[in-house]
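Chemist: Read off the chains here:
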Amino acid sequence: MEASNLDVAYLALAAILFAIGGVGLLVRRNPLVMIMCVELMLNAVNVTFVAFGKMLNDISGQVIVFFVLVVAAAEVVVGLGLVVAMSRRRPGANADDLRLLRG
Amino acid sequence: MVELIWLVPALPLVGFTILWFFGKRIGEPLAGWLGTAVVALSFLTTLVVFAGLWNEPDHTFQVDYFTWIPAGDFQVEIGFLLDPLSMAMIMFVTGIGSLIHLYSIGYMHGDSRFPRFFTYLNLFVFSMLMLVLGDNMVLTFLGWEGVGACSYLLISFWFEKEANASAGKKAFVTNRVGDWGFMVAMFAAFFTFGSLNWSTITSQAPGLAETTATLIAVMLLIGAVGKSAQLPLFIWLPDAMAGPTPVSALIHAATMVTAGVYLLVRANPILAASAEWVPWAIAIIGAATLFIAATIAVAQTDIKKVLAYSTVSQLGYMFLAVGSGGYTAAIFHMITHAFFKACLFLGSGSVIHGMHDDQDMRHMGALRKVMPFTAFGFIIGWLAISGVPPFSGFWSKDEILSYALHKSPVLYVIGLAGALITAFYMSRQVFMVFFGKARWGASADAELANLDAHDTSAAGSAGDANDLGEATVAADADAGPVAVATEHHGHDVQPHESPWTMTLPILVLAFFALVAGVLNLPFTENLEFLNKWLEPVVGENQAHLGLSTAKLLAEMAISTVVALTGIALAYAIYMKKKFDARKVELPFFYNGWYIDHGVTVFMGGPGRRLFELIALFDRVVIDGAVNGVGRLSRGGAARLRTVQNGYVRWYALMVGLGTILIIAFILTQVSFS
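Listed in order, the protein sequences are those of chains A and X. As numbered in numbering that gives the first Met the number 0, residues 0 to 102 make up the first sequence, in order. As numbered in numbering that gives the first Met the number 0, residues 0 to 672 make up the second sequence, in order.
Isolated chain A (complex conformation) (with noise of 0.2 angstroms):
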């Protein structure tokens, strides 16, 4: 297997995007930044899936992105509809104003 140039960019782009992801997860407060982060970080993740997929020949590679997608969008559904209810309860809260299951 070599790996062509066009690959180890779109590597670098994933593990840029997650880097970003990451640190924007761990630095902001609102928690629907915080749930965009968590996106961006699943789709550098599917960013990766592709561009292994196209190194191993393998086309299991984007379908896997089509579960991580699916599972994804239920995820948000999720996470949103926590979002909403919360600021509904406590408008302006942000995540680290909730730590009521503290030790």
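None of these hints come from the bench; they were simulated from the model. For each residue, glycine too, the CB sits at the ideal point set by N, CA and C. Be aware that a few hints might be false.
Restraint-style ranges between C-beta atoms, simulated for each label pair [unchecked claim]:
| hint | chain 1 | residue 1 | chain 2 | residue 2 | range |
| --- | --- | --- | --- | --- | --- |
| 1 | X | F664 | A | N4 | 51 to 59 angstroms |
| 2 | X | G635 | A | A84 | 30 to 38 angstroms |
| 3 | A | V75 | X | V642 | 26 to 34 angstroms |
| 4 | X | F664 | A | P90 | 43 to 51 angstroms |
| 5 | X | A663 | A | A84 | 33 to 41 angstroms |
| 6 | X | N644 | A | L31 | 18 to 26 angstroms |
| 7 | X | Q643 | A | L31 | 37 to 45 angstroms |
Chain A is fixed; fit chain X onto it per the hints.
Modeler: Positioned in the frame of chain A, the structure of chain X alone reads:
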């Protein structure tokens, strides 16, 4: 047919379950009939099983249904051991049980917790059957505890009265002492045999080291002493009379209290393998108990207390038999005793019912005229327990005395003395309750009342102011203005005969009290049915008497003379008033040799301090260890919980760092060659 054995305990269990959930809705009297029906069906099944057991080799049938506790080497099965011994037991447990259930329908009539009573009664029958049928010690222990719990529930059935509630507690606590012995015996048996199956234990017991066998035997003995109300743990049984009378008849006379004797007979190979002094100890405990309890019964005035102490005394005879190696005799007496004592208890319950819950014998007298059926049954029971031939009690007691004589003449003499006193106090009871003059005040029978007044003045002028006399005067004083007296007050009651549901069981039991002796007549080997029947269980360890006919007849003659002497003495004192009754009804006897009192004083004083010391150990060392573990985990948790600070972003960071650590670790472990 013998496979139907599971139905025998299952039926009462079904009855218990139905009554527990729907008893209130079923109500009186249907709940009683249901409870009676399941036990009666259980009895019928027992008869079928009995017929089937004849065809089994050695008359033994063992069945395991499923594993109850599988824990490594410790395997406990739910299974039944049906051998001649358990067969004999379940026959009279279910038989007498159904009669007493029937009786209870009449006795408990109008009680606010009528269905609940039958619920407990069914649970008791189930537990007793599990005790007897269980093929391993754990299952037997389950039944053992079950009957103890039912006994507690039924003694304090009328818990509104403080005395009843505390009597239940006393029975429970005293029984716990015995339970401790049973449990230690169980641990030792498992340690020794690696199994708790009765068949394994009894087959391996003969090869046991003497000290081990002695330990197990002594612990079993402690268990038996607690359950069967022997010295020094008999104090709970007389108090247990606080329960309804059918309970006294079923649990505290016929079945539960004989569980200790059953246990010792069941474990007879262990007793045989243990040190020489263990059977001696059993015989001595039995002899002491039978004598002391009999003397106490002489001075009691409560009709049920007399019977309670009499039960303790008769159980003493059974222990004496076991200790003397007469296992069959013990079971024989257990069966005949179940018949005549249940008959007597049901009779006394009928009397109490008729007297409107008055239990004092000094308020009774001449009841045979108003309660003919009850009196008839009671008199047969009296003759049986007194050991008058040919009633059943004579044969079983005589057999025990033969074994006692074989063991030691001293035990024989104590047994004879006990028989004399037994005949005396039972005759005293019968004369006070059913004969003599009526002391229950406003009798509708004018003739009786006249007789009463006449006799009282005569007795008064003669200066005869014993217990009886005083009671008579009191009764007479009340007899004046009683035209409008309420029925429930004092002596102003009009006794009446009980309904057929109560008299029928009494008469059936009286019949068996009369004829049960044919189970094991001593004249020829062919007549010793019970002996032959129990041969597979106890045959090897049974003492061999080898009585000559002359000796046998001599012993019988002595027993008969002793019994008749007792009755004659009672007749002289209580009917003819030749002697002052106070000469025999000593306060020392009335107070039970102050044993109860002694226990109270000891437990309140030095005993309490001793146990406080043990409690201190428990608090400091045992609780300390347990609480230490608790404190340790709480302290650790208090520090650890700060990790959960509630910042979701912190968690994300930790997840990320953890992932990196795991990946780093994996990278160090794998090689990309």
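Chemist: Could you run down the list of hints and mark each one as holding or not?
Modeler: Here is what the structure says about each hint:
{"no.": "1", "hint": "F664/X with N4/A: 51 to 59 angstroms", "in the structure": "violated (32 angstroms)"}
{"no.": "2", "hint": "G635/X with A84/A: 30 to 38 angstroms", "in the structure": "holds (36 angstroms)"}
{"no.": "3", "hint": "V75/A with V642/X: 26 to 34 angstroms", "in the structure": "holds (29 angstroms)"}
{"no.": "4", "hint": "F664/X with P90/A: 43 to 51 angstroms", "in the structure": "holds (44 angstroms)"}
{"no.": "5", "hint": "A663/X with A84/A: 33 to 41 angstroms", "in the structure": "holds (39 angstroms)"}
{"no.": "6", "hint": "N644/X with L31/A: 18 to 26 angstroms", "in the structure": "holds (22 angstroms)"}
{"no.": "7", "hint": "Q643/X with L31/A: 37 to 45 angstroms", "in the structure": "violated (24 angstroms)"}
The structure shown violates the earlier hints numbered 1 and 7.
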